[in-house]
Every structure is written in structure tokens, then in C-alpha cells.
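Mind docking chain B on chain A? Use the hints.
Protein chains: 2
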Amino acid sequence: MAEQRIATRADDYAQWYQDICHHAELAEAAGVVRGCMVIRPHGFAIWEKMQADLDRRFKATGHKNACFPLLIPMSFINKEAEHVEGFAPELAIVTRAGGKELEEPYAIRPTSETIIGHFFAKWIDSWRDLPLLINQWANVMRWELRTRLFLRTGEFLWQEGHTAHANPEESKEEVVRMLQVYRDFCHEIMAMPVIRGIKTESERFAGAVETRCIEALMQDGKALQAGTSHDLGQNFGKAFDVTFQNQDGERDFVWQTSWGVSTRLVGALVMSHSDDDGLVVPPRLAPIHVAIVPIFRKDEERVAVVEAAHRVAAELRDDGLTVEVDDRDDMRPGAKYFEWERKGVPVRLEIGPRDLQENAVMAKMRVAELDERGRAVKLKLPMEGIGIAVGELLDTFQKELFDRAQARLDESTVLIDSWDDFESTFADGKSRFVYAHWDGTAETEAAIKAETKATIRCIPYAEDAPEGVGEPGTCIKSGKPSAQRVLFARNY
Amino acid sequence: MAEQRIATRADDYAQWYQDICHHAELAEAAGVVRGCMVIRPHGFAIWEKMQADLDRRFKATGHKNACFPLLIPMSFINKEAEHVEGFAPELAIVTRAGGKELEEPYAIRPTSETIIGHFFAKWIDSWRDLPLLINQWANVMRWELRTRLFLRTGEFLWQEGHTAHANPEESKEEVVRMLQVYRDFCHEIMAMPVIRGIKTESERFAGAVETRCIEALMQDGKALQAGTSHDLGQNFGKAFDVTFQNQDGERDFVWQTSWGVSTRLVGALVMSHSDDDGLVVPPRLAPIHVAIVPIFRKDEERVAVVEAAHRVAAELRDDGLTVEVDDRDDMRPGAKYFEWERKGVPVRLEIGPRDLQENAVMAKMRVAELDERGRAVKLKLPMEGIGIAVGELLDTFQKELFDRAQARLDESTVLIDSWDDFESTFADGKSRFVYAHWDGTAETEAAIKAETKATIRCIPYAEDAPEGVGEPGTCIKSGKPSAQRVLFARNY
Chain A
1 MAEQRIATRA DDYAQWYQDI CHHAELAEAA GVVRGCMVIR PHGFAIWEKM QADLDRRFKA
61 TGHKNACFPL LIPMSFINKE AEHVEGFAPE LAIVTRAGGK ELEEPYAIRP TSETIIGHFF
121 AKWIDSWRDL PLLINQWANV MRWELRTRLF LRTGEFLWQE GHTAHANPEE SKEEVVRMLQ
181 VYRDFCHEIM AMPVIRGIKT ESERFAGAVE TRCIEALMQD GKALQAGTSH DLGQNFGKAF
241 DVTFQNQDGE RDFVWQTSWG VSTRLVGALV MSHSDDDGLV VPPRLAPIHV AIVPIFRKDE
301 ERVAVVEAAH RVAAELRDDG LTVEVDDRDD MRPGAKYFEW ERKGVPVRLE IGPRDLQENA
361 VMAKMRVAEL DERGRAVKLK LPMEGIGIAV GELLDTFQKE LFDRAQARLD ESTVLIDSWD
421 DFESTFADGK SRFVYAHWDG TAETEAAIKA ETKATIRCIP YAEDAPEGVG EPGTCIKSGK
481 PSAQRVLFAR NY
Chain B
1 MAEQRIATRA DDYAQWYQDI CHHAELAEAA GVVRGCMVIR PHGFAIWEKM QADLDRRFKA
61 TGHKNACFPL LIPMSFINKE AEHVEGFAPE LAIVTRAGGK ELEEPYAIRP TSETIIGHFF
121 AKWIDSWRDL PLLINQWANV MRWELRTRLF LRTGEFLWQE GHTAHANPEE SKEEVVRMLQ
181 VYRDFCHEIM AMPVIRGIKT ESERFAGAVE TRCIEALMQD GKALQAGTSH DLGQNFGKAF
241 DVTFQNQDGE RDFVWQTSWG VSTRLVGALV MSHSDDDGLV VPPRLAPIHV AIVPIFRKDE
301 ERVAVVEAAH RVAAELRDDG LTVEVDDRDD MRPGAKYFEW ERKGVPVRLE IGPRDLQENA
361 VMAKMRVAEL DERGRAVKLK LPMEGIGIAV GELLDTFQKE LFDRAQARLD ESTVLIDSWD
421 DFESTFADGK SRFVYAHWDG TAETEAAIKA ETKATIRCIP YAEDAPEGVG EPGTCIKSGK
481 PSAQRVLFAR NY
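Just so you know, the sequences run in chain order A and B. For the first sequence, counting from 1, position 183 maps to 183 in the numbering used here; every step adds exactly one. For the second sequence, counting from 1, position 13 maps to 13 in the numbering used here; every step adds exactly one.
Subject to a maximum C-alpha distance of 25 Å in a straight line, what follows is the list of computed BS3-like cross-link-like pairs (lysine-lysine):
1. K79/B to K238/B
2. K64/A to K49/B
3. K100/A to K100/B
4. K430/A to K449/A
5. K59/B to K49/A
Bear in mind the hints are in silico, worked out from the structure with no lab data behind them.
Isolated chain A, as found in the complex:
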């Protein structure tokens, strides 16, 4: 089946990624709509699980969902100077509607700070109305030249939190809190370790006074920005006249934040865990937890084995797991194994006549140790208490995936002190997570990027980085003084 081959990561990483998305039926390029994609059911189910978990965390931190218009008057985009500069080149514009040319064209939202600012101005009057904590799950559009499934697409799905506060201390707290929510989600649910940090001025969100981010390591050594949390200061407050009466009776502009993660996380998930056999998904995001394959040769075996498979499935479903019994008659077990592995199902259970006699099932984890003969280890589980045993396997697997990803991150992390070492680390398209000294200027940052394609991903939180990263030193490029090391990598 030549057309079903998945490229190996070693041979062609970019092709491998595309093959995983295709063979696991996560998404496909729309083709007929430039730069856009169709998220297929298996990919959308992962996004839905991400959404459900994040939404719970947002509500637990006091945020409420709302829905603002898709279309934004062009005059709104133009109100915040940096914002228009950042987004104008990527806008999709509606110029005709209802059979007529519009007097003022609308942009399809690339993000919603402007239109939400407009409504915040209507809703906020006094300090009693603050903090106002809103989130929106929405589609947004940025006309990108080079697109890649999930990672960068013309249209994407995301959530955008928008909050308004009575003072800069509270808005800063909010920005920090939501970055922590994202980090916890990545660690606990995606099994993907991330580094928290602050963006340099040149990488800041258009219109923010400070942008915080989480950065994740992909298997090719590149970084992927997985989420951002922006302190907008009073910039949008001033642009959209969002004022409030403070406790001293004076009017002031509100301090705002915005923060978001998107369907890009599905791409990050693929690149964090998957292997050359296909998708690997942590159990907490798996659309299907368990695939049960009945094994039989003769028709008289079939009935008992399939019946047992459905019995086990029912028990697992009672424990809240999603289970597929693959009793297709026109397919061999090996082909079924192959398909469920490609789709990233964490546990496969096999039930044959002999297992039935022994009142047991054989379990194979999606990522399994190999025995001395190079075969994947299978575990024999007693039928009795199968729900508990599978639950434990899934918990262990979730933890193992995080540990594997953390080990990979540790191995790919280096502290570099010479320009030669820095250059060779990023030579020939290679990348790692490099902590190095930088003199704090945009010129040096740009020069390093131009020569190596490595960018400053963030000025890291000390607690997320190796020891010594917070200490001062000398810039690898200019030789000027540096307050602390920053995180360099090529990035998606």
C-alpha cells in the first residue's frame, strides 16, 4: 500500500507532519479557499477536548463567554496605530453585501481588540463594573502567504480572552494568571512541557505594552509559540475611549489584557508526540481511548470473541472511555492495528479464543517498549477488573508522554557562549533551544535572526529555564553586557 506510507521524521520532517495530518484524518488543505483548511472529525474531536478543558479553566478563573461580530469596520482597525500596522496587510475585506457596494468596507476579524473595545466603552462606567472578564471562542482570518495545516492557516479557530481592569497591577496579575492557565493545560492535558517568558519588543503583539508567551519544543528542535497573554496597558482604552470612574471619583482609562490559544495547538500536539507510525495523542485528548480488535479464524470462534469484545467495551464505556470495537469482516487484524496506530488510539485490546479461555485480554500501548527480539511488548490483563486496569494504563501513558517530551526538551536545551557554537547549532536548518546572552537591542536581535534564522522566543521565567540563565554576562553577538540569557530557536 505505497500510497499509505508515512514519511519518516529523519527523512523529511515537513512531509512527515503533513502525512500524519492526512493519514490520521485530522485535516486537509481546503485547496479551493486559499490557505484555509478543513478540520476533519478526528482532528476536530481533539480540538473539542482542548476547548472543553480550557473553557472549564477560564470559567473557574471568573471569565464568561460572549460573542462579538465577525466583521469589523475598517475605521476601527485604523484607530490603534501599531495595531493597524501589524494587521492591515493580512486582512480579508468585505466590500459588497446584499447586492450593493458598502460605503465603509468591513474586515473579517483578525483578532477582536478593536470591536470589543468599542463595546467595553458602552458597558463600563464605574470601578464597580470592573474587572470585566470576557472570553470568546471564534474563527478569525489572517491572509498568510505561507500556510501549513493547523500551524498557520488563513482561517483558524481560537479563543480570545479580553479583560478590563481598574489599575495596572490587576491587569498584570490577569496576564500572569492566564499564562499560568495555558501552561497548566499544556502540561496536564497536552503532556507538552512549555517555557514561559516575555517577548522582546519586536515580537510583541501589535498594540500591547508587554506580551507573555509559552514556547514548546517540536521534535525537529524548532520552537512553537503555543499561547500568548498580552498586557495592553491603556492603549486600546485610549483608542476606544474606554473610561471608568475610579474610587476617588475621577475618570480614567481602563487597563486591558487579551490572551489566546488556537487550533495551532493541534499542530503542536502532533509534533510533540507522534512517531513514524502515525499520530500519538495523550489519553486526555484522545478522541478514541481504546480500540478492541477481536481475533478469530473460524466462524464458530467469531461469535464468542466479538460478543466478549462488546462486553469489555460496555464496561470501559461505563468508566467514561470512548471505545471502538473493530469487528469489520473484510479486514485482517494487522491492517486494523495499523489503522488504529496511525490514528493515535492510546490502547489496543486484542481478544482471541485463547484469551477468552484464560478470561484475559492482551493490551498493546500506542507507544510500547520493545522486547529482546524487537517486538512491542503486550500486556495480559485479566477480564475481571478490566476497567480499572485500562484506566491505570491510560494514566501511566499520559505521564510517560509528558516525561518523554520533557526528556527531549532537556536533551535539546543548551547554554551557548560563543558565536561559533551558536552559528553551528543553527546551521543547515537545524535548531535547538539555546539559552544565550543578548545585549537587549533590536539591532542585535535582527542581526542574529538574519544570519542564523534563530529568533528570540522569549526572555524566560527563571523557574522554567536551566540554572544560571538569570545571571548577567556578555552578548554572544555584540560582546556588550547582557542582563540575563534569553531563549533562541528557529520557530514555526
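This is chain B only, laid out in the frame that chain A set:
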């Protein structure tokens, strides 16, 4: 507080509806984006609950969610003749993107049959791929001239189910099944009785061979189409070349369906249950189930009463209820009552010092019986077992709202046999649910509409209509033979 007055239904029904949306903070007109709205947190929470319940029902009937592009090439819209005729006048068109004029403009989806047809053609090859059962939660846009919050807006949120089948029997089954899902949802969750039926040819979805619908009665006697389920036959299959190899080895076009409900349901909910005091929401859709108002005069009472309120809240939350403890210091109890009533909270609990002594709380339902002195009846509930008691009150309230709505529907339903009676029923903007004979021609349908503004809402399911509706008779307008009565009403 003159600005907070809600118009009465009797005085100005349209204003009353707008006031409810405003005072309950459900939504507001965007203003700056023509015909569009902002769904505020309290309104969006209702929609989220609708979504969650419907989504569960769709998944239980085998459907999977996916996400298709927002933008549709204009050439796609033009492929199905009736479809383009129906939707072209309402399209919003993107003509520029990324700073350039587009060679082919895109429409913002008004519905997705065309683009989904395109992908179905790629995904479907054999009868083994069928049925293909997809649903999408999405925003869509139809440039409407006359808009009204939730009921008709330029942009709205909805779900659109799209399925493909191997034969017309299965597609018909699907259409009927999903209409039943909608009906069950309206009855069980929205507490809103609906009439199922089939649309006349002139009211059919643009491109369908048959459209089924559910019609609900609003408090002003008008009908509201709450959901539709379309049998598309092979129309889109032929337009988008969606073929499959059938079990006889021959290629044929698939039979497709589509079905949808939208944020319009929030408007239907408002108009079904609310009263002149504000919003009324059935417990299964209530964003907040219980508001607890501590009552106290002296500071020393305050501590104990507020503490008790939080204790009760914690117990109710353990039972899965959403509870607000309204311990605001700068507001009198009466003003708090007023606010929670306007927002439609089903149960209000009051806890004062005397209640505390008696180890009880006072409960007031959002729609309560009046005592002989015209005051709303309050119920004394023992603190012990408060969770069970409140749960029972909510269950009863859910049922009572349905019964009230059903009684209103029964009272507003008439069988009419003379043109004079028909005309006077619909005179001066009035409306009821009228079952009358119609000769089956589009001419008569149009003539009746022109003279009375009453439209044929549907050819009803016999089981949903009064006795005798299925029997033949004489058309009220033309006097020609009629196979059965149909449902007439003015409509939203």
C-alpha cells in the same frame, strides 16, 4: 428608575421583546456592523447550554463534528440553480485580501451545502463510506434588510448537519430522525411545544426536494420556525459530483440531507416564557439556577446570614446547580429581587435572621402563584435536605413552563372554515395557529398571504395537530378540494 421599565406585552409586544433582551443582558444590536448583534454573557450562556444538549443528541445519533471554511468560492454558490437564486441576494462578499484584489471573490457562507458537497465528493468513494454523518457548529451570514435580535440577524450562530446516504430511504429516515431530535429538544429542554410538518414548495429550502420544520407559537400568536430538516435528494450530489459505487458495483450520486437550528432559538425561548417582569428561562437552560439573597438589618446579623447563604450555595453547587450569593452591600433586597427576576433566575432563596433561627430558607419561584392578597407565594424550606428540595422545585418548574406553553398553544389553536373568519383572525396584525383547508396551489397560498399576511407554516404531522386536521375538505379561499388542513399563521 424610569430607564429600567420593561414595556408590557399588551402595550407593545415588539418593544417588550427588545426590553427583555436588553434588561436581561442577553444581547444588543452591534450598531456599527449593520444587522449584527453582540451576544452578551447571559445570553451566550443560554446558547451554550442549548449547544451542549443538542451536541449530545447529535453524537448519540452517530454524527461527528467537523469544521469547513468560512469562505466559499462564488463559483460554488452558482452551481446549484435554486440555491444561488435563494441565497445570492443576501451574500456578503470578500473581494480583497492580503492587500490585493481577488481573482475570484468569496462569499461568507450563508450555509455550507456547496463547500461541504465539494469535500464529500473527495471523501466518498464506495457504499462502505456511507452514511457519512457530519455536523458543524458555525457562524453564518445573510445580509437581511429587517433584523431583530436573535430572530433575524446578519450574522448568526448555528449548527448545520450534512449527511450523505446510499439510497433515498435512508436519507428520508435521517431527515425524519433529526426533526424528531429537534422536537424532543424543544419539548424536554426548552419547555416549548412545537408542531412538526412539511413545508409547501414555496417555503422550501433553496435546493431541497422536501423541507420539514418545527413551528412554535409565540405569545403574540405568531409562529416561529424553530428548526428545519431538508431532504436534498441528489440535487447537490449532481451539482458537486458526489458519487459512490453501490453494492451492485455501479456508480450513483449520493442522497443528501441538511438540518439546522440557530441562535434564533434564544429568541424563541424569550418569546415563549417571559413575562412583563423580565426573562423566564426553564431550569435546564438557566445560566443561574438559584440566587440567594441574605436579609439583614444590623451588622451583627450580617455575618451569620451571609455565612449561611454561602453554606447553602455550597450544598446546591455540589448538586451541580449554578448559584449566585448576592451579598452586595450597596443594594436593598428589593432591588436585588428585581434584578434576578429580570434575568430569569428560576429560584430565589431568601435567608434572614428569623429563617436562621428556624433553620429554614424562604423560596420564591420566578413564576409564582399569588395568594388571596395578590402577593407571590413563598415556600418555607428546611435547611436540612435543601439540595433535594430545590432540585424538586426546579423539576416542577421545568414541567410547569411546558404545561403553560402547551395550554397557550391549545388556546391559540383554531380550526377555521370560512374566509370571513379567517380574515378577521388575522386582521389588525393579530395572529393565531389556524388549521384551514387549502387547495394545494402556490397561487392560492400567495393570494392568502397577500391579503392577510398569514403564511402556510407547514402541512402538519397528524399526531401534532387537532383531530380532523388530516381529513379532506374545501379550500377556504378558492373553494376547490383540499386533501387536508394546513397550519396558517403570521410568522417571525
